[in-house]
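Chemist: Here are the chains, one letter per residue:
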Amino acid sequence: MTTAPERPAPTPLAPGAPRSGTTFLGLPTAPRGVGHLRGDRSFPDAARDALRDGQLRANLGHATSTIRAKRAKVVGEVPDWEELRQAGKALKQSTMARLDELLVQLEDQVTARGGTVHWARDADEANAIVTRLVQATGADEVVKVKSMATQEIGLNEALEAAGITAHETDLAELIVQLGDDAPSHILVPAIHKNRAEIREIFLRTMPQFQGPDADRDLPDEPRRLAMAARTHLRERFLRARVAISGANFAVAETGTLAVVESEGNGRMCLTLPQTLITVMGIEKLVPTWRDLEVFLQLLPRSSTGERMNPYTSTWAGVTPGDGPQEFHLVLLDNGRTAVLADEVGREALHCIRCSACLNVCPVYERTGGHSYGSVYPGPIGAVLSPQLTGVEDNASLPYASSLCGACYDACPVAIDIPSILVHLRAEHVEAQERTTPEAVAFRALSKAMSHPRLWRLTQRAAGLGRLLARGKPTLPPVLPPPVSGWTRSRDLPTPPRETFTQAWAREHGR
Amino acid sequence: MSAREEVLSRIRTALGERRPDVVVPRDYRTADERPAEQLREVLVDRLEDYKASVLHCGPDEVGATVAAALDTGLGAGWDPASVVVAPGVPAGWRPEGATEDDARPAVELAAFAATLTGVAVAIAETGTLVLDGSPLSGRRAVSLLPDCLVCVVEAGQVVGSVPEALPRLDPNAPLTMISGPSATSDIELQRVEGVHGPRTLVVVLVS
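Here the protein sequences line up with chains A and B, keeping their order. Read left to right, the first sequence gives residues 1 to 510 (my numbering). Read left to right, the second sequence gives residues 1001 to 1207 (my numbering).
Source of the hints: derived by calculation from the structure; they are not laboratory data. There could be a bad hint or two in this list.
To be verified - Beyond 12 Å from chain A on every Cβ pair, some chain B residues (computed):
id, residue
1, Thr-1065
2, Trp-1078
3, Ala-1091
4, Thr-1099
5, Pro-1105
6, Val-1153
To be verified - Facing chain A, according to a computed beta carbon distance under 7 Å, are these residues of chain B, among others:
id, residue
7, Met-1001
8, Ala-1003
9, Arg-1012
10, Leu-1166
11, Ser-1185
Computed from a predicted structure; not experimentally measured. Think of the CB as a built atom: it goes at the ideal place given N, C-alpha and C, for glycine as much as any other residue.
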């Protein structure tokens, strides 16, 4: 059994602690104490527990290998995949370079078509806006389309505090919500649960299976579990007066918003209620309608491994006689402008949330998403979360990678995640006020390596390590701290009998 | 300062004075040159791969083929009154006695067993039908709530790829792109058909 982790609690604030950090240009990062961008433990600590969970590793290994094969097949069908990737990357770069202008254009277009645009500096402001909008309708419940932005800002908790019930309607989000669990994947938040565990959650929590007369016959076939979700949500969709969604794309030129989904829960939410509230990160823009021709090819094949997802809905403002007659768009910053200020790190804002990088990451596949402590796990999370919060609040995440580069290859908009990881590691090291043992060691090494005589002496001294090894290929873990911290998770190879330069000198002379 | 002014001012600070001038390379395919007959074959292959049923017919046989499609989706002996049709669907396509969608509250459409609509465009390479909220496609709820959806695709409506479809569509219309029946991959990343949207999709392809 997988033990459900506590939902990452908002980081407690020390008295007098600042609510939010700022970057060197004075741009505020995402505030503390609200939302789900920070874990309560460092990545290595959380990962150590996750790695001991055999069921979790089996579930993740099965799910990620399935999706990797599907993605590889449908990406292989597209002869111009690389050209699409490069176009996607350039489109996002050009969007970021004109973000202010494009947001104003989007606002004008949405407003002209009967929508209302709201701006939110951070999670608290966005939560307050949405809560106020729901309260104005008189509704005490909302249906929700899966949305990373609303997970990020902790909207469900904010609504609950105001007495408003939020019903998640995406199947995986529903599993997470009913199981009182936390999401662990961008696309499939319940990827850490297998069919038997999901069946158990449904039987325990869905009203249709409660009571003495309930038919509790529910096999753990995915199809039957999906049917149970359909029954559970049908009536909620039909009575809902307010829906809350995110957005995959927003077209500045036309004011068009797009939601990409599979189940039809998105269509239910975007179509049936009277009021629709969409919360969108400011980086989700594309400049023109034509640009969707690139992203609608890149996203489905990268995320679910389908040529096209079953349903894509687009809308602009309000359409009389069709769908919600009241539409609100909330544009969210919450640290994004701080990311934008970093010329290397801003590429993380190009992410279209496909999750291909999670599925190919050897670290994610073994540790799962909860270890990252943020709603954005995996390689993209390791570069996005520390930038949104300021690197000091997610200091271990830039190290949660072997820098193998699989994420870069899989990314449909060619985000160079490994380079951003290295950049953030450097930023973290430079921000250290106190000298670490590692820094002392590397400084000494740097000195030794810049003086030939010192370097030869060092190598000869290292040769003494052969005495410790007693003929084994690696040294035993008997070194004292702080070196033991290093060798706890790494093997130190036994130094060779002679170094390369010694061998060269012996065979070729000086 | 309002939140709007502050966010915009933060963006200007973040970007600074020197903004990169980005040229977008559009070296990807924007047209599929294959002949129409071949595109139709690709469309059928992709639709069936994602568990939609496809029936073929000539321009004069649409009505009879729609009836056969409803047999496929609902089983023989279905009640014509339980079929709702988009208001712009030609009379010749409609089963006799079918109900035309009117201004009734959208949720009442859930009582119908099946829906009949046309489409705005169909994309062969991805097996996608696009409905655009026009009288022929119907409002969005009509193709969503009944459990069986029958769509008629006419010969001139099939394009090869996504870049050929978008210029034919109105960005301000409420669009629904449909690729197969409702499905989910949320349980162990295994795709299963049939969640909240129509669980049966039957396409009538007119040549």
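Chemist: Indicate, hint by hint, whether the structure satisfies it.
Modeler: Verification of the supplied hints:
1. Thr-1065: holds (24 Å)
2. Trp-1078: holds (21 Å)
3. Ala-1091: holds (22 Å)
4. Thr-1099: holds (17 Å)
5. Pro-1105: The assertion about B:Pro-1105 is violated, with a minimum of 10 Å to chain A.
6. Val-1153: Check passes; 15 Å lies beyond 12 Å.
7. Met-1001: violated (10 Å)
8. Ala-1003: Hint on B:Ala-1003: holds, closest Cβ of chain A at ~4 Å, below 7 Å.
9. Arg-1012: The hint holds - B:Arg-1012 has a Cβ within 7 Å of chain A, the shortest such distance being about 6 Å.
10. Leu-1166: holds (5 Å)
11. Ser-1185: holds (5 Å)
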